[in-house]
Every structure is written in structure tokens, then in C-alpha cells.
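Colleague: Read off the chains here:
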Amino acid sequence: MNTSFAFFPAILLLLIACQTPEKKSTPPVQEKAITTSEKDTNSIILSADTLRPTGSLSLSFLGNHPAKMAIIIPGSDNPYVFLQDGSEISEIFPADSFAKVRIMVLKADQQGIRFINGSKHREAIFKKSGYYTVVLADNLETEPENTNSIQARVYFSSGRKD
Amino acid sequence: MSSNSIRYAVGKGMKNDKLDLMVIQTLLQLNNQKIKATGIFDMETQTAIENFQKDTEKMLAPTGSISPESTTLVRLEKALGITYEIADSSVVLGQGVEAAIKPLAIRFYCNSVPHHKMVITSGVRTAAAQAQAMFKKLEMKDDIIKLYLNKKAAKEVVDTYDESKKANDPANTTVNKITAVLEKQIANKVYISSHFNAKAFDMRSRDLDAHLVELFKKVSDGFVRKLIHEGKPPHLHLEMF
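Heads up: the sequence lines are chains X and U, in that order.
For the first sequence, position 19 (counting from the first letter as 1) is numbered 19 according to my numbering, and the numbering increases by one without interruption.
Each number in my numbering comes from the position in the second sequence (counting from 1) with 162 added on.
It is worth saying that the hints were derived from the structure and are not from the lab.
Note that CB positions come from ideal geometry on N, CA and C, so glycine has one too.
Be a bit skeptical, because a hint or two may be false.
What the hints assert, rightly or not - No more than 25 Å apart at the CA atoms, straight line, and that leaves these computed lysine-lysine pairs for DSS-like:
no., chain 1, residue 1, chain 2, residue 2
1, U, K298, X, K100
2, U, K361, U, K394
3, U, K240, U, K180
4, X, K127, U, K394
5, U, K327, U, K298
6, X, K120, U, K379
7, U, K299, X, K100
8, U, K394, U, K379
9, U, K394, X, K120
10, U, K394, U, K303
11, U, K361, U, K380
12, U, K361, U, K264
13, U, K394, X, K128
14, X, K100, U, K303
15, U, K327, U, K339
16, U, K298, U, K314
17, X, K120, U, K279
Said to hold, decoys possible - In silico contact screen, one side only, chain X against chain U (beta carbon under 7 Å); selected entries:
no., residue
18, F115
19, N117
20, T142
Stated by the list, open to error - Covered stretches of chain X (chain U as the covering partner; in silico rule of three or more C-beta atoms under 8 Å from a C-beta of chain U):
no., segment
21, 74–82
22, 143–149
If we strip away everything but chain X, and leave its shape as in the complex, we get:
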């Protein structure tokens, strides 16, 4: 495993493993409390529709979730930013503990791994305004219909004209 990606101190990370969303601790500023009536897209519940540059987004997983995670960014030919992909990419959690995560908080300055012309780059995910899709899948290197996957969408508002 590339240990440099295992824990990145600048990333705000709220890990509440194996707990129900109701027992969640006080949410960060700008984050609404999670209730089941909110954006329940498949089995990811997002705490908000919109993410702002200084804000954060809670993701609550219902039940067991797929092992890998990426965010599809808008307006790019190369839109996959990987956050978790087995031992090769463990940007937010060590690979083996990711399966136990039930709630995670992504800050708007969260970074991920993007492959540009075959090279790995670590970069901020949320840059331009638009819809971002959070994808969790057992396999992020095959057609979506060929793997168990769940996804949810959030609008990022950069606060400037993109």
C-alpha cells in the first residue's frame, strides 16, 4: 500500500464505524443533521443538496457498502477522481477499514487521485460549480452494470463564475 495516501492530515474525516446515523455526533457547521427523509439515493444519504467551498458533506451508508469509491466530476473527459480503490489507492481510509465506515464527512477541499494521460495526480475534487456524483462500487474498472454500485449526486457551488 502507498502509505503516503493512507492518512492525509488536512482531510477532515469523521469516521463513525458500525454505528447508526441517529447516534451521530454534532455535525460540522453548515451541515444539516441526517434524517432518513433527506436525500436518500439508493443507500447513500447525503446531508445536503449543495456543497459550498467552506462547507462539508456527510455521507451516511445504509448497510454494507461497496469497497471502492470515486467521485465523478462535471465537464471533464476524464471525470473519475478516486478516493478508495483497494490497496493501490487509499486516499481516505486504510483499505481494510473502509468497509466498516458508516458515516463519513468530506470537506469541500477533499483531495482524490485522478489519472491524467496515464499518470497519477492528487488534486482537489470540488473545483468548478456543477453536479458531482459520489460512486461506491465493488469494481471501478468495469462497466457500471457489471458491478454492484451505489451513487448519489451533490451540487457544488464554487461561489464564483466558472
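Dock chain U against chain X, hints included.
Modeller: Showing chain U alone in chain X's frame:
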């Protein structure tokens, strides 16, 4: 269709295809012959082939050429390490596919500088596994008709699920009913997943630059029936002959 790591013979008076020469010259290097991998046939290559045949194969009269089916090629390939990897234990390859991948992987490895290994990320999928996955999505109220390209085939699955739910069937009965629908579709050559085809598999492409993707397309000519460079998510979808 090719089943060896070179398509045509290499040596004096032979076709000497550039991609084949890169394979042979790289293999000769790995077998301690002092030679450059240039893709061009020259005296150095001729001598290296003859030396290998004389010293390692103990040929009394070296032929100086290597054909795709020759024992010289088999012996040369023994010096190779791993040229492809399977991403994880969940990847199941169809019968005979791994044997077909091997020469292609050698070809890609020898032609890429620095040498690049193929990584297989997905293999064949059974109707039962697909039914389980579709059931899960339907339970989560996913719009699976939107997800699948073959809307008619997907609708048949949704209708079967709805009917089974109406009949209060337990989950495993519903999955079995969906499996039966998918098996019937497969028998009629309707593939809701391209991975029902036992010859299909996916390969990692995110670590390949544009040059390597083009090179892979070239080296796979004659080895694969279909090659699609997918972007969402990034991977190469291949179907062998």
C-alpha cells in the same frame, strides 16, 4: 487469429514485422544475448538468434529464424517473469481466456518501454451473479431500465421482479426467477451484460497514456475480436476470438 506472442516468422528472409521483432529482441535480451530491442532486423539479431539456438537449444545447425509455433519461441519465453496480473480474487475468466491473454500480454510487455504489465480488472459473469446484482438494485428502487443499454431485456427482468413481488415470493425465489430469465436471454444470444460472453474481460487503462493505448491496440490486432476504450469508468473492454 493468433495464439502465439509473434504473428509471423522472424529471421533472415522472413517477414520481420516490427512488433514481432520487438518481442524476439526483448526475449533474446532476457536470455542474456547482447542485443538492442529496435524492432529492426539486423546482423546483431541474426547472430543472437543463432547463438541462442546453438547454446541453449543445442541445435547442431541453427536455423537463424523463429516461427510463431517454434520451440525456440517457447524456450525464449521461459525467461519472462509476470506479464499480466489479475486485479483481485473476484475476477473470474472464461474457459481458455487466460491462455489467450498470455501471448497478448507478452506482446504488450515486450513492445512497451518501460515494460508494462496488463492488469485484468473484470472477467466473465454468470447469469446467477447478474441476477443477484440486479435484484439488489431493484430492491433499492434503482431504475435499472435506465442503466442497461438493452431496455427490452432489462424490462423483462423488471417485470419478472414485479410479478415475483406480487406473488410474495421469498428473495431467493425472485433471484432464481430472474436468473431463469437471463439464462433464456443468453440462450437467445441476448446479452444484458457484455460479460456474459465468456471471451470478454476488462483491462486497466487508467495507468496507460495515449501512446500506450495506441500501442496496445496495435499489438492486439489479430488477437482480439473486439476492443473498446471505455471512459466511464476508465478501462479497456476486450473480447477474444
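Colleague: Each hint should be assessed against the structure and marked as holding or not.
Modeller: For each hint, the structure was consulted:
Under the criterion of a C-alpha separation no larger than 25 Å, the hint pairing U:K298 with X:K100 is consistent with the structure, at around 20 Å. Of the pairs offered as hints, the one joining U:K361 and U:K394 holds, with about 21 Å between alpha carbons and a cut-off of 25 Å not exceeded. For the proposed pair U:K240 and U:K180, the alpha carbon gap of about 22 Å is at most 25 Å, so the pair holds. Proximity of X:K127 to U:K394 is assessed by CA-CA distance (about 20 Å); at most 25 Å being required, the pair is judged to hold.
Distance hint between U:K327 and U:K298 is fulfilled; the C-alpha atoms sit about 13 Å from each other, no more than 25 Å. In summary, the hint linking X:K120 to U:K379 is supported, as the alpha carbons are separated by about 22 Å, within the 25 Å threshold. Taken as a hint, the U:K299 and X:K100 pair is honoured in the structure, with Cα atoms around 21 Å apart against an allowance of 25 Å. Between U:K394 and U:K379, the direct Cα distance comes to roughly 19 Å. Compliance with the 25 Å bound is thereby established for this hinted pair.
At most 25 Å may separate the alpha-carbon atoms for a hinted pair to count; U:K394 and X:K120 meet this at roughly 17 Å. Under the criterion of a C-alpha separation no larger than 25 Å, the hint pairing U:K394 with U:K303 is consistent with the structure, at around 23 Å. With a CA separation close to 20 Å, the supplied pair U:K361 and U:K380 stays within the 25 Å bound. With a C-alpha separation of about 14 Å, the suggested pairing of U:K361 with U:K264 holds against the 25 Å cut-off.
Proposed proximity of U:K394 and X:K128 is supported: the alpha carbons are some 19 Å apart, at most 25 Å. A distance of roughly 24 Å separates the Cα atoms of X:K100 and U:K303; the hinted pair therefore holds under the 25 Å criterion. Between U:K327 and U:K339, the direct Cα distance comes to roughly 11 Å. Compliance with the 25 Å bound is thereby established for this hinted pair. Of the pairs offered as hints, the one joining U:K298 and U:K314 holds, with about 19 Å between alpha carbons and a cut-off of 25 Å not exceeded.
The straight-line distance between the Cα atoms of X:K120 and U:K279 is roughly 17 Å, inside the 25 Å bound, and the hint therefore holds. Given hint, X:F115 at the interface with chain U, holds; its Cβ is 4 Å from that chain's nearest Cβ, closer than 7 Å. Annotation: X:N117 was flagged as interfacial toward chain U, and the flag holds, the nearest CB pair being 5 Å apart, inside 7 Å. Using the Cβ-Cβ criterion of 7 Å, the hint placing X:T142 at the interface with chain U is satisfied: the shortest such distance is roughly 4 Å.
With a threshold of 8 Å between beta carbons, the proposed coverage of the segment 74–82 of chain X by chain U holds, since 4 of its residues qualify and at least three are required. Restraint check on the segment 143–149 of chain X versus chain U: 6 residues with Cβ-Cβ distances below 8 Å, three needed, restraint holds.
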